[in-house]
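Residue numbers (the numbering used here), protein chains in the order written: chain S, 1 to 514; chain B, 515 to 811; chain C, 812 to 1163.
If you're looking for bench data, these hints aren't it; they were derived computationally from the structure. Yeah, the Cβ is synthetic: ideal placement off N, Cα and C, and Gly gets one too. Hints may contain errors.
Stated by the list, open to error - Label-pair ranges, simulated between beta-carbon atoms: (1) S:Glu127 with B:Ile647: 46 to 52 angstroms; (2) S:Ala140 with C:Gly1054: 34 to 40 angstroms; (3) S:Gly378 with C:Lys853: 55 to 61 angstroms; (4) B:Leu617 with S:Gly403: 43 to 49 angstroms; (5) S:Glu127 with B:Asp804: 39 to 45 angstroms; (6) S:Asp78 with B:Asp804: 43 to 49 angstroms; (7) B:Ala773 with C:Tyr871: 43 to 49 angstroms; (8) S:Asp162 with C:Leu841: 52 to 58 angstroms; (9) B:Lys806 with S:Ala449: 44 to 50 angstroms; (10) B:Ile801 with S:Ser469: 48 to 54 angstroms; (11) B:Ile801 with S:Asp326: 31 to 37 angstroms; (12) C:Gly1054 with S:Gly407: 29 to 35 angstroms; (13) S:Arg123 with B:Leu617: 54 to 60 angstroms.
Stated by the list, open to error - Only some residues are given here: those of chain B computed to face chain S with a beta carbon under 7 angstroms: (14) Ala686; (15) Thr693; (16) Ser696; (17) Leu699.
Listed here are the chains, written in short residue letters.
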Amino acid sequence: MSDTAVTMHDIVKTYRETGRCANDHVDLTVGRGEILCLAGENGAGKTTLMKVLYGMEKPESGTITVMGKRVKIDSPLDANRLGIGMVHQHFMLVDEYTVAQNVILGREPMHNRFTIDADAAKRLVDEVIHAHGFSIDPSARVGSLTVGQKQQVEIVKMLYRDVDILILDEPTAVLTEQETASLFGTLRTLRDTGKSLILITHKLHEIKAISDRVAIMRQGRMVGHYETASVDERELAGLMMGKSFSPAIGKTPYGRKQETVLRFAQVSVVRRNQGRPMLKDVSFVARTGEILGFAGVGGNGLGELESVLAGTLPISGGTITHRGQDISKSDAHRLRERGLAYVPSDRLKVGSALEASVSENLIIAARKRFSRHGMMRGKHIMQHARTLIDTYSVQGTADMPIGTLSGGNIQKVILAREIAQYRDYIVFSEPTWGLDIASSKFVHTQMIALRDAGASVLLLSSNLDEILSLSDRVLIFSRGSIVAELEGERLHTVTKEEMGAYMLGMHVREAAHE
Amino acid sequence: MNALLHSAVAIMTPLLLAAMGGLFTELSGMLNIALEGLMLMGAFSSIVFTYLSGSMIWGVLLGIVATMLLATLLAVVTLNLKSNVFITGLATNLLASGLTIVLSFRLFGNKGVVVFDRIGSLPRWDIPLVSDIPVLGAMISGHSPFVYLSWVLLALSSWVLYKTPFGLRLRAAGLHEKTLVSLGLSPSAYRFIAFLVSAFACAIAGAVLTLNLGAFVPNITSGKGWIALVVIFLGQKKPLGLLGASLVFGFADAFSNYAQGAWNVPADFILAIPYLFTLLAMVIVSIHADWKERIKR
Amino acid sequence: MNDRMDRRWKRFLGVPRSALGSLVILFIALAAVFLLSFLLSKTPARTLRYFFIGPLQNTYYLGNMLNTSIPLIFSALGVSLAMRAGSFNLGGEGQLYGGAFIATVSAVAMAGWGIAGVICAIVLGAVTGGVMAAFSGYLRMKWQTNELITTFLLSNAVSLVVGYLIAGPFMDPATNLIATRKIPESFRFSRILEPSNLSSALVMALVMTVVVHLYLYRTKSGYELRMYGLNPRFARYGGINSGSYLVLPMFLSGALYGLGGAMAIFGTYYACMKDFSVGMGWNALAVALIARFRPVAIIPAALFFAYIESGARNAMLHSDVTFEIASIVQSVVFFLVTSSVLQRIGTKRERG
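Here chain S stands alone, though its shape is the one from the complex (with noise of 0.2 angstroms):
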């Protein structure tokens, strides 16, 4: 018995529609018992490796060992078979069907030949939710569940197969601290028990919180694999980029002389039959030359404030007013006569549309402007297209469906269109969320530039980091209201601890103990 739970060998996965070559002669080892995390920056190959790993992708050539047996990997059921179990970053689950349900698809328990035993399915996924310590209800429907709770689903779907590898993809990527921190413990006592972990990530700080080794991804090429002991955050982040990085922002304090763009009095946004409002007596003014952080849990109201500033959601109470005059009931389309710019958080559906060009993307909200007598100038628009392409380095043509960009530069398109369309303040909603290191940085840079050149920037992220790093004023959110208002001094000094404890609506000090 040999300590290394898979090998895989000399990987070539090229894919036939782009002709891209994303695994190039990659190696990989994993030992039992290990946590290891493959990093990269995004496209570097970690995804296209796992799926191979997990029998989702064919590869070209290379050879895959599975506890020291040569093996061969053609489907997930394949890989099942042999103990491997994968998590994906987009949850495998169907919404509609209970947990029990979505555990057990395809391997049923029977009662007779044709029939499915649902209470022994019912038993049996209880027995694995309680052996490994999660909190979920067989029984209840996987819709209602938070993120949290629908990845350890996923987890459970995965043990209920007996697996000793467990492969999960950029794990973290939704969850919030507090969340992380108990699926975190989790892995490890899964670890202690001998299972072998594969994380996918790229965030810096979780793999030197995590892993025991780090193996390392660029450009469709293995880097090297390293003890994590042994690795600093700023060598990881060289090896990723492949080039030396600084981590931190150049930024000015602000003070410049500030005028009220937006303020919310009082806003509430409440459901029919529903008891709890979905934002509640919400107060905040908005500033020139200043970047308003909006911090908060999933639920808790960044959502709805989000569609609140988009005019796509009516308000129920209090009022909104721009610049002195009131926009409370104003739509999606008044709001942007006015000259809001925003930048979504869904870039895919709700950013642009993916089968029409990046020139025909990029004047969506500025329309009126690129038309004359209802008719379009289609001159105009090109060389509007190819001057903001140019500016924003965006790798693609202007005729390009902006559906085959990657998803970096579709977030460089749809922060072209928008920048070029701020008249005094932009709203950005989770404006890094699944860029990696180089296009976060790029949309940092270009925020903090609005902000110096006098806009009210509007932050709402569920990325602390990102939160504590560009605001120069956070707000955080839990249940619906502003709970705490941190600024100056106290902005410094703040813990992601006691960030969190404010967002779960805890004290600080109870937190604190914890």
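Take the given structure of chain S and dock chains B and C to it, following the hints.
For chains B and C alone, kept in the frame of chain S given last:
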């Protein structure tokens, strides 16, 4: 009134059968507009095979086989050649309509109504005990075996869809197909079977039409496949809902037939009633759904 | 259901086209004609000759073939406009029939109005189709009622009612046909290729194709319509008034159908006959699908469709097969036309 209810049940049967078949494809995530064509194929082939074999049972069984062959073509082109299911469904309808007429011309030298007087009529079954109950007895007793077969099949499909691994996976294919893929199961395989199931049910639905009449009329289905699709949506994609929705439609149809005879209203005018009635039902269902949605908000 | 379909349609619109793939499809369709001729005809050579050469052999057949394509072009433009906005208008047949009926009876009523009467009658026909389709659009805007089904149901109901009106109160007592009275002779479009039925409506069809193309790709409203069709949430995000793009495109779509119906009357039939429109709605849908809802591609697609129909009609007249082989050949084309596997044959890999 009793006669009205009785004929409502008779009229609803092909709709119920076709909708039941369509339910499988719908739940597997495919909008199957080929129900019309599959029904037509079933209608034509069942009566022709009954005529050729001299037995209704063989006729229907061979009709099912023929319809399943057509569905196999539809499934292969849609799933294996990755075509748009709406267009291949349209193609199936066109093919069935053309093929039945071409074959009828070739076999019987006739492009119009082909009467098969040799095959006799369908038996009527009286259900003991039930037939004595007032109203209900008259409504559900004394129908052709197909009517009772459709109810057995409805119970069977409900069981398959909700109690078996096959059903669990089939519905998962429609709700979130990537989940199946991630577990190493093929959504296409389940959709393929769903197409065959819908062909099976549509073949019987078609057979009901022609064997009841003892004749084949070109395009005898006249939009019933589409109505079956409406029945699926009106029935909220649930087996019992299908029963209710097809009964409503059957009743509307029976009523307009009755009105035509009783009040001497022009036939075309009367034939429009079921469509308007279904339209109204669609609107009411959507207002209701919209209202529920608003309450949730 | 709409979400799911939208995704499929967008994938369909986005499939790369390749000349080789189209040739393969064309070849299979031709092979089907050969196969059918040999299977069904006792004189296959004669059948094939009339099928392929027949429609082109003289001005009469050529003109009639072109004439067949006119209502197809109008109607296919109608399908495409709705589809580009993400709405499904499946009620074309009723809209065409209803539009043709209203245009006919108003032309008869306005016999003394001269050119104004022609214009009024045609506009009324278009508005009739438009209102029918817009009604379904309104239901969707108001209560998310599935427009695919409501257009279909309403169309069937209206077709039956129109059928009743033609056979009843509006029937022309002077003929044996079940038809309305004929429109005044001064209202009829001129024949442009005697002795065939081809009328100047063809010019209108070509002009309308260009107009729809310009509307979709060169106007602000067309841009908004397309963006709404591709992604309604994106359109709303950009401040596009979303409600109106559920109703307006449906109205325009229905109006084009109604126009197609009116053209058929003013150019070809002169009277609204009972059930003259049967099958036209489906054929138009097919043409629009083959053209992938691109206005300019509708013209060749409609001609191809008309060619197969004329070929089959010729073969029926001069040989021993029935007209319905046309639907079999058309169905073969449909089966294959959206196949992304076939379409990708010979396409170069995008991006190195």
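Does the Cβ-Cβ separation between Glu127 (chain S) and Asp804 (chain B) fall within 39 to 45 angstroms? 43 angstroms, holds
Is 44 to 50 angstroms a correct range for the gap between the Cβ atoms of Lys806 (chain B) and Ala449 (chain S)? Cβ of Lys806 (chain B) to Cβ of Ala449 (chain S): about 47 angstroms, so the range 44 to 50 angstroms holds.
With 43 to 49 angstroms as the target window, see if Leu617 (chain B) and Gly403 (chain S) comply at their CB atoms. This hint holds: roughly 46 angstroms between Cβ atoms.
Hint Thr693 (chain B) vs chain S: min CB-CB distance below 7 angstroms? Holds. Min distance 4 angstroms.
At the C-beta level, are Gly1054 (chain C) and Gly407 (chain S) separated by a distance inside 29 to 35 angstroms? Between Gly1054 (chain C) and Gly407 (chain S), where Cβ atoms are some 32 angstroms apart, the hint holds.
How does the Cβ-Cβ distance of Ile801 (chain B) and Asp326 (chain S) compare with 31 to 37 angstroms: does it lie in that range? Cβ of Ile801 (chain B) to Cβ of Asp326 (chain S): about 33 angstroms, so the range 31 to 37 angstroms holds.
Note whether the CB distance of Arg123 (chain S) and Leu617 (chain B) lies within 54 to 60 angstroms or breaks it. At roughly 56 angstroms between Cβ atoms, Leu617 (chain B) and Arg123 (chain S) fall inside 54 to 60 angstroms, so the hint holds.
Note whether the CB distance of Ile801 (chain B) and Ser469 (chain S) lies within 48 to 54 angstroms or breaks it. 50 angstroms, holds
Does the Cβ pair Gly378 (chain S), Lys853 (chain C) satisfy 55 to 61 angstroms? This hint holds: roughly 59 angstroms between Cβ atoms.
Is it true that Ala140 (chain S) and Gly1054 (chain C) lie within 34 to 40 angstroms of each other by Cβ? Because 37 angstroms falls inside the window, the suggested range holds.
Restraint satisfaction for Ala686 (chain B) [CB to CB of chain S, less than 7 angstroms]: 5 angstroms, holds
Quick check on a hinted range of 52 to 58 angstroms for Asp162 (chain S) and Leu841 (chain C), using CB atoms only. For Asp162 (chain S) and Leu841 (chain C) the Cβ distance comes to about 57 angstroms; the hint holds.
Comparing the model with each numbered hint stated earlier shows that all of them hold.
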